[in-house]
Every structure is written in structure tokens, then in C-alpha cells.
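Residue numbers (my numbering), protein chains in the order written: chain A, 1409 to 1695; chain B, 7 to 193.
Note that these hints are calculated values from the structure, not bench results.
Do not take every clue at face value.
Claimed, not checked - The calculated PhoX-like cross-link candidates involving lysine-lysine, where the alpha carbons are at most 25 Å apart (straight line), are:
#1 B:Lys179 <-> A:Lys1548
#2 B:Lys187 <-> A:Lys1666
#3 B:Lys187 <-> A:Lys1615
#4 B:Lys113 <-> A:Lys1625
#5 B:Lys99 <-> A:Lys1673
#6 A:Lys1445 <-> B:Lys132
#7 B:Lys125 <-> A:Lys1445
#8 A:Lys1625 <-> B:Lys120
#9 A:Lys1673 <-> A:Lys1631
#10 B:Lys108 <-> A:Lys1631
#11 A:Lys1445 <-> B:Lys113
#12 A:Lys1673 <-> B:Lys113
#13 B:Lys141 <-> A:Lys1625
#14 B:Lys120 <-> A:Lys1689
#15 B:Lys120 <-> A:Lys1445
#16 A:Lys1673 <-> B:Lys108
#17 A:Lys1625 <-> B:Lys121
#18 B:Lys141 <-> A:Lys1615
#19 A:Lys1689 <-> B:Lys108
#20 A:Lys1689 <-> B:Lys121
#21 B:Lys187 <-> A:Lys1663
#22 B:Lys120 <-> A:Lys1631
#23 A:Lys1631 <-> B:Lys125
What the hints assert, rightly or not - One side only, chain B facing chain A, incomplete, derived with CB under 10 Å:
#24 Asp68
#25 Lys108
#26 Cys111
#27 Arg114
#28 Met116
#29 Ile122
#30 Pro151
#31 Arg171
Unchecked claim - Computed footprint of chain A on chain B, listed as stretches where at least three residues anywhere in the stretch have a Cβ under 8 Å from a Cβ of chain A:
#32 84-96
#33 153-162
#34 172-184
C-beta: ideal position from N, C-alpha, C; glycine also.
Spelled out, the chains give:
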Amino acid sequence: MSRLARRCERLSRNLATVASDPLPSTSSPRPPRPSSKPILYSSVILNRAPILTPSPTTFERAFYAYQQRIRRALHNPFPSEFYFKQGSLLEARFNSEERFREKVAWGPTYAKEEDLSPEAKAAEQAAMDQMALQEKSDDKLMPRVHPSDEARDYHSLDRKGRRNIYLIIQRAAEDGQLVWEFPQGQPVEDELLHQAAQRELYAHCGKNMDTWIVARKPIGMYKPSIPTTTSTPTPEAITFFFKGHIMAGQVNPEKFVKDFAWVTKQEIETRVRRAYWEGVKDMLSDH
Amino acid sequence: MASSLLAWCRSRPLSLTPAHVRQYAKPADANAGDTRLILIRRALYPGNIRNRASPTGTWRPDVRQTIQRAIPSVQAHHTIERAWLLHRRLVRKRREAELARKFECMKRAMDELKKIDSKLYMEANKVEDPRARSKVEMETMKQLPALEARAFDARIRGLFPREMRIPAETPSKNGWNYEWKPIERPL
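With the hints as constraints, model all of the structure from the sequences given.
Spelled out as C-alpha cells, the structure:
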């Protein structure tokens, strides 16, 4: 019994040391504690997730091409009689495309020349032209770069399809300066923080957006440092940030919102105040 | 005359019709069957009589020269492999570092909230039941017509919304939907 108790104690002690181990990032000299309760703000980091898959880098493309050549050298014979009806146009098109791909992979002089008579070649070309005519459709794929990227239209939600973009708004601060930040506001009586965040988003940006606040928990907080020289103890203002996603719609800014922008993390850094940026940067996605 | 008689005997299917009945329709070829089924069977069940190197086919005849053309050298191949693994490791470490930073932010925020207001902290930690409907929601659903009620009910608290799309190779033809009409939902 005593051995069991000792083991439990050792276990709880180990757990206690793990919990109380301070991480280097959080250890900082404690600022002078204000006397009154801090003022809370709720803010929303509204994210438009990437619409496009990331583009492969040059190294990735080269590696995939290398691996594809190795597969082409080693693969089992393709069961073309299973996939294509013998003598069909589709099979003729596939064979000619495959011959082209082999030339591309190994060089034009590598394979021994197919003894295709000029009539057979002409017949094959005619078959391919006929197939192209039959299959012609107006469905063209859209380009990955949107016109709003070139135009630097920061209101557009089609810009930067591969990246995560966030909503920041410009409002007039107390000292009259225009300042960029995430939409924020104070929760009212008996309101929870995530509900306040949603309400403030509607108040700043209108209801014409299909948004989803992900969770009840905040993803981060910003505490501006209080200048210690003031005689009267000012209450702290702590902003809690909530992650939101936008799926459709657009911002319809209110009068007090001077401007809004859908920007990437790097573009936020150039617009927002330095102290605010330092507090907010770790919550945002790099890509 | 004997040869034509022989040809006539061979053309008739065996054991089907008696000799005194004339045959006008061409007899169906018993070997044809449904070619698609035969092909599928051949693809799914390769023969198990071991008369070839491999039942499903083997390398191309010039595989030795071709693989030498594909791979520059053994050392080059190993170097490329290691470079790829290193690249994947760097990408993974970057992703993990970003996640760790985000988690650290969240942890700090929750610790601060706990210090400030324990009631808000407890509320933030509450796990949402996806099956639950609040009283306000039930009241609003009673007033709405059937289709609107279904749209209203579709957004479930605590679960990912259906409208979140995964990234694609190319954007949609119509682009972003700017003309979205809101559905009134309680906070």
C-alpha cells in the first residue's frame, strides 16, 4: 500500500514539474499591475482560405519529372485492350500521344522507328482531327492568376487564390489618425466573447457575408503595454481574437469604417502598427 | 464435290439441328460471348499456368538501357532521394513550427482569460453539442417556411459548414460569390 502511495506521489510530482516548467517565450518581466479590472475587447480574424492548391516549386517539379521517367522505364505493359476498344479512334489517339510522350522522355532518336506507312499516318491524323472536332467544348479552364491580382484590388476576394487572406479595416483612432486593424469591439452585458466577436463583425462589415466563427475559444490576445509614467492607474485593454472563415459575400462597411482590405500576412505587416503586429503575427498563417 | 460437301459439313454447328432441316440464319459464333466480360475477366484474373516470366506482363525489352538513360548514376539517385527527403523535412518543420506558435498564442490567451474572468473562461471551454438547438433557434424555426427552416437548421454549431470548399487546381468560372443573401441566425 505504501509503495503504491509513493509511486502515485512520484507520478504526481513529475506531472507537476511538467506543468510548471516555464517556456522561454512566456518568461518576461511582469509589468506593473493596474488597480482596476481590465477592459475586454473581442476581435475577429476573418480568413478567406486558399481557393487554389499551392504551386509546386522548381525542385518539386524536377523531382516529379525524374520519378515519372523512372516509372516509364520500369512499368508493366499497359493493358490497352482493357481500356480501349480495338481499332477505335480513342485507341489511335492514345497510341499517337504515347509515341509522342516516349519521344519526349527518351529523346527523338532513341526508339527504333515505327514502320508506319504514310497512308496509315494520314489516316491516324484524320482520326485525331475528327475526335478533336467531336470533343470540342467551350469549357476553358480559368487561369490561376486573377485580374484583381494584377490590378492590386485589395477589396477583391478572388485575389491571391493560393494564399490565406485576412480582413483588416481602417478606422479613425482617438488621436484622429487612421489606423488599420482587425474589426473589434466590446462585449455587452451577459454576452460571451465569441458572440461579441460575431456581433461586432456584423456591426463593422454588414451582414452580407457568409461567415463562420470557428470556436468559443480565442486564438490569441493583444495587450498594449501601458506607459508607466501616468499618475492615474489606467485599466488595461485586452483584445481577444477569434478565428472566422468567410465562404461567400462581401464586406459592406459602415460609416465609421474608412476602408477595408483583404490582405496576406506580409501585407498586414506593412499596414498595421508595429506593437499590434508583434502581438498578432503568430496567430496568422504564413502561407 | 467432296471438298464442297466437307465445307458444308464444317459450316454447320455440331449437334444442334438435324440434317434434313435447312439452315438460313448464320449460326452465332460460340467463342465470341460478351467480349467486354471476357476482357474484364482476363484483366482481373491473369492465368496461373506458369509459362511466362510474369502473368501480367513484364518490363519493356530494352529496360536495361532505358533505366540507365533515366538514372544518371547510383550516387546521383541517392543524392536526389536525400535532397527530396530534406525538402520534405524542411516543409514539415516549418508547418509544425507555425502550428506550435499558433497553439502558444491560444494557450497564452486562455491563461489570461482564466486570470481575468473565470466565468467567461468556463464558457469558452464548454464543448458544444451538435445535436442541441437553443430556444431562440427553435422559436425562429417555427415561424419560417419549410425550405428556409432547413437552410436555417443546416449550420450546426461546433461543426464545419458545408460551404467551406477545398482548394482546387483552377478557380471556378464564376469566381467568388459576391451576391450572397444572408440567412438570419441568432448569435
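Hint check:
Our distance criterion of 25 Å between C-alpha atoms is met by Lys179 of chain B and Lys1548 of chain A, whose separation comes to about 9 Å. Annotation: proposed proximity of Lys187 of chain B to Lys1666 of chain A holds, straight-line Cα distance about 24 Å (limit 25 Å). Between Lys187 of chain B and Lys1615 of chain A the CA atoms are separated by roughly 9 Å; this keeps the pair inside 25 Å, and the hint holds. The hinted pair formed by Lys113 of chain B and Lys1625 of chain A meets the criterion: a straight-line CA distance of about 10 Å does not exceed 25 Å.
Restraint check for Lys99 of chain B and Lys1673 of chain A: satisfied, since their Cα atoms lie roughly 19 Å apart, inside the 25 Å limit. The hinted pair formed by Lys1445 of chain A and Lys132 of chain B meets the criterion: a straight-line CA distance of about 24 Å does not exceed 25 Å. Using a Cα cut-off of 25 Å, the hinted pair Lys125 of chain B and Lys1445 of chain A holds, with the two alpha carbons roughly 14 Å apart. Annotation: proposed proximity of Lys1625 of chain A to Lys120 of chain B holds, straight-line Cα distance about 12 Å (limit 25 Å).
For the given pair, Lys1673 of chain A sits about 20 Å from Lys1631 of chain A by alpha-carbon distance, which is consistent with the 25 Å threshold. Restraint check for Lys108 of chain B and Lys1631 of chain A: satisfied, since their Cα atoms lie roughly 17 Å apart, inside the 25 Å limit. Taking the CA atoms of Lys1445 of chain A and Lys113 of chain B, the gap is near 21 Å; set against the 25 Å cutoff, the hint holds. In summary, the hint linking Lys1673 of chain A to Lys113 of chain B is supported, as the alpha carbons are separated by about 21 Å, within the 25 Å threshold.
At most 25 Å may separate the alpha-carbon atoms for a hinted pair to count; Lys141 of chain B and Lys1625 of chain A meet this at roughly 23 Å. Distance restraint check for Lys120 of chain B and Lys1689 of chain A: the Cα-Cα separation of roughly 23 Å lies within the 25 Å cut-off, and the hinted pair is therefore satisfied. Restraint check for Lys120 of chain B and Lys1445 of chain A: satisfied, since their Cα atoms lie roughly 13 Å apart, inside the 25 Å limit. Between the alpha carbons of Lys1673 of chain A and Lys108 of chain B the distance comes to roughly 14 Å, so the proposed pair stays at or under 25 Å and holds.
In summary, the hint linking Lys1625 of chain A to Lys121 of chain B is supported, as the alpha carbons are separated by about 15 Å, within the 25 Å threshold. Proposed proximity of Lys141 of chain B and Lys1615 of chain A is supported: the alpha carbons are some 23 Å apart, at most 25 Å. For the hint linking Lys1689 of chain A to Lys108 of chain B, the alpha-carbon distance of about 9 Å falls within 25 Å, and the restraint holds. Between the alpha carbons of Lys1689 of chain A and Lys121 of chain B the distance comes to roughly 23 Å, so the proposed pair stays at or under 25 Å and holds.
Under the criterion of a C-alpha separation no larger than 25 Å, the hint pairing Lys187 of chain B with Lys1663 of chain A is consistent with the structure, at around 21 Å. Straight-line distance between C-alpha atoms of Lys120 of chain B and Lys1631 of chain A comes to about 15 Å, which keeps the hinted pair within the 25 Å bound. Between the alpha carbons of Lys1631 of chain A and Lys125 of chain B the distance comes to roughly 20 Å, so the proposed pair stays at or under 25 Å and holds. Interface restraint check for Asp68 of chain B: the shortest CB-CB distance to chain A comes to about 9 Å, inside 10 Å, so the restraint holds.
Proximity of Lys108 of chain B to chain A holds as hinted, the smallest CB-CB distance being about 6 Å (cut-off 10 Å). With a least beta-carbon distance of about 4 Å to chain A, the hint placing Cys111 of chain B at the interface is held under the 10 Å criterion. A least Cβ separation of about 7 Å between Arg114 of chain B and chain A falls short of the 10 Å threshold, and the interface hint therefore holds. Restraint check, Met116 of chain B versus chain A: the minimum CB separation of about 6 Å is within 10 Å; hint holds.
Look at Ile122 of chain B: its Cβ gets to within about 6 Å of chain A, closer than 10 Å, so that hint holds up. With 10 Å as the threshold, the beta carbon of Pro151 of chain B stays out of range of chain A, its nearest partner Cβ sitting at about 20 Å, so the hint is violated. Given hint, Arg171 of chain B at the interface with chain A, holds; its Cβ is 7 Å from that chain's nearest Cβ, closer than 10 Å. Counting residues of the segment 84-96 of chain B whose beta carbon lies closer than 8 Å to any beta carbon of chain A gives 4, which meets the minimum of three for the stated coverage.
Counting residues of the segment 153-162 of chain B whose CB lies closer than 8 Å to any CB of chain A gives 1, so the stated coverage by that chain is violated, three being the minimum. Counting residues of the segment 172-184 of chain B whose C-beta sits closer than 8 Å to any C-beta of chain A gives 11, which meets the bar of three, so the coverage hint holds.
Going through the hint list in order, the structure does not satisfy hints 30, 33.
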